[in-house]
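*Asks:* Given the sequences, and given the hints that come with them, work out the whole structure.
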Amino acid sequence: KQEVTQIPAALSVPEGENLVLNCSFTDSAIYNLQWFRQDPGKGLTSLLLIQSSQREQTSGRLNASLDKSSGRSTLYIAASQPGDSATYLCAVEGSQGNLIFGKGTKLSVKP
Amino acid sequence: GAGVSQSPRYKVAKRGQDVALRCDPISGHVSLFWYQQALGQGPEFLTYFQNEAQLDKSGLPSDRFFAERPEGSVSTLKIQRTQQEDSAVYLCASSPGTSGISFTDTQYFGPGTRLTVL
Numbered sequence: 070k071q072e073v074t075q076i077p078a079a080l081s082v083p084e085g086e087n088l089v090l091n092c093s094f095t096d097s098a099i100y101n102l103q104w105f106r107q108d109p110g111k112g113l114t115s116l117l118l119i120q121s122s123q124r125e126q127t128s129g130r131l132n133a134s135l136d137k138s139s140g141r142s143t144l145y146i147a148a149s150q151p152g153d154s155a156t157y158l159c160a161v162e163g164s165q166g167n168l169i170f171g172k173g174t175k176l177s178v179k180p
Numbered sequence: 058g059a060g061v062s063q064s065p066r067y068k069v070a071k072r073g074q075d076v077a078l079r080c081d082p083i084s085g086h087v088s089l090f091w092y093q094q095a096l097g098q099g100p101e102f103l104t105y106f107q108n109e110a111q112l113d114k115s116g117l118p119s120d121r122f123f124a125e126r127p128e129g130s131v132s133t134l135k136i137q138r139t140q141q142e143d144s145a146v147y148l149c150a151s152s153p154g155t156s157g158i159s160f161t162d163t164q165y166f167g168p169g170t171r172l173t174v175l
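As given, the protein sequences belong to chains A and B, one line each in that order.
Per this note's numbering, numbering of the first sequence is gapless, rising by one per residue and ending at 180.
Per this note's numbering, numbering of the second sequence is gapless, rising by one per residue and ending at 175.
Derived from the structure by calculation, the hints contain no laboratory data.
Please note that a few of the clues may not be correct.
Straight-line Cα separation of at most 25 Å, DSS-like style, residue types lysine-lysine; simulated pairs [to be verified]:
1. K70(A) / K172(A)
2. K70(A) / K179(A)
3. K172(A) / K114(B)
4. K175(A) / K111(A)
5. K111(A) / K172(A)
6. K111(A) / K135(B)
7. K71(B) / K70(A)
8. K172(A) / K137(A)
9. K179(A) / K137(A)
10. K114(B) / K68(B)
11. K68(B) / K135(B)
12. K135(B) / K71(B)
13. K68(B) / K111(A)
14. K68(B) / K172(A)
15. K135(B) / K114(B)
Only some residues are given here: those of chain A computed to face chain B with a beta carbon under 7 Å [as the list claims (entries may be wrong)]:
16. G112
17. L116
18. N167
19. F170
20. G171
21. K175
Since the structure is predicted, the reported quantities are computational estimates derived from the model, not experimental observations.
Using N, Cα and C, we set each Cβ at its ideal position, and we do this for glycine too.
*Replies:* Below you can see the structure in the form of C-alpha cells.
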C-alpha cells in the first residue's frame, strides 16, 4: 500500500529565506506527483505536477524535483514571502487516478 | 462555472441524521473525485467517477456512504446515519480526464464541505 510522508510537519522561517519541503513515498510505481497548497478554510490549489518521466518542474519561485528510484520529491521555495504561508501537500497518483496525500507541511513565513 | 463548487460549505448534523453533499465540477470535466480530510490530516480518497460511471469506490469507509453522478456532471455524496467519526472536510475534485488510464491531468479542487456531527 502506497504511503506518503512529509517532513517537516511544520516550518517557520523569516521572510526572504529559501526553503525545502520534503516528501517521500513507499511505492516507486507512480504515474505522477503533485504539490498542492491549502489555505485555511479553502480547497487545494495545484502548484506543480511532475510526470513520472520527468525529473523536475519549475513555476516562478517554486521548483519541484522527483527521484522515483529513491521515492523522494522536494519542493524548493526561493525568497519566501509571508503570502507563502499555507499548508503544502504532496500527492502521488494511484492506478485509478486517485491521489494519495501526505499529511502536509504547515509553513509560516514571518515578516 | 470558473471552478469546482461545493454546497453547502458547512453542515452540522446530529448523530444519526442523513446528509447530502453536492459537487459541481468544471464544465466538461470527465473525471470526478471525492476525498475526506480529517483535521490535521491529508485528504483521503473516497470514490472516483468517469462520466456517470463510478469506477472506484474502494475508499468509502462504510456502506453508510453512497455517491452518485447520474448525468455525468453534478455529483452527490450521501452519508446515512451520520456518526461523530464522519466529521471532516469533504473535498471534490475534477479533471479533464483526457489522458486515458494514466491520468496526468491536474485535479481541480473545490473549497470543500465541512461536516460536523454532534
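*Asks:* Each of the hints needs a verdict: does it hold here or not?
*Replies:* Hints, verified against the model:
1. K70(A) / K172(A): 16 Å, holds
2. K70(A) / K179(A): 38 Å, violated
3. K172(A) / K114(B): 22 Å, holds
4. K175(A) / K111(A): The hint holds at about 14 Å.
5. K111(A) / K172(A): The hint holds at about 16 Å.
6. K111(A) / K135(B): 21 Å, holds
7. K71(B) / K70(A): The given pair, whose Cα atoms are some 34 Å apart, is violated under the 25 Å limit.
8. K172(A) / K137(A): Judged against 25 Å, a Cα distance of about 20 Å means the pair holds.
9. K179(A) / K137(A): The hint is violated at about 33 Å.
10. K114(B) / K68(B): With Cα atoms ~23 Å apart, K114(B) and K68(B) stay inside 25 Å; holds.
11. K68(B) / K135(B): Judged against 25 Å, a Cα distance of about 13 Å means the pair holds.
12. K135(B) / K71(B): Holds, because 15 Å separates the two Cα atoms, which is no more than 25 Å.
13. K68(B) / K111(A): Since the Cα atoms of K68(B) and K111(A) sit roughly 15 Å apart, the hinted pair holds (cutoff 25 Å).
14. K68(B) / K172(A): 24 Å, holds
15. K135(B) / K114(B): The hint holds at about 13 Å.
16. G112: 4 Å, holds
17. L116: 10 Å, violated
18. N167: 4 Å, holds
19. F170: At about 3 Å, which falls below the 7 Å cut-off, the nearest Cβ of chain B leaves the hint on F170(A) intact, so it holds.
20. G171: Where the cut-off is 7 Å and the nearest Cβ of chain B is about 5 Å from G171(A), the hint holds.
21. K175: 9 Å, violated
Violation of the numbered hints given earlier is confined to hints 2, 7, 9, 17 and 21; the remaining hints are satisfied by the structure.
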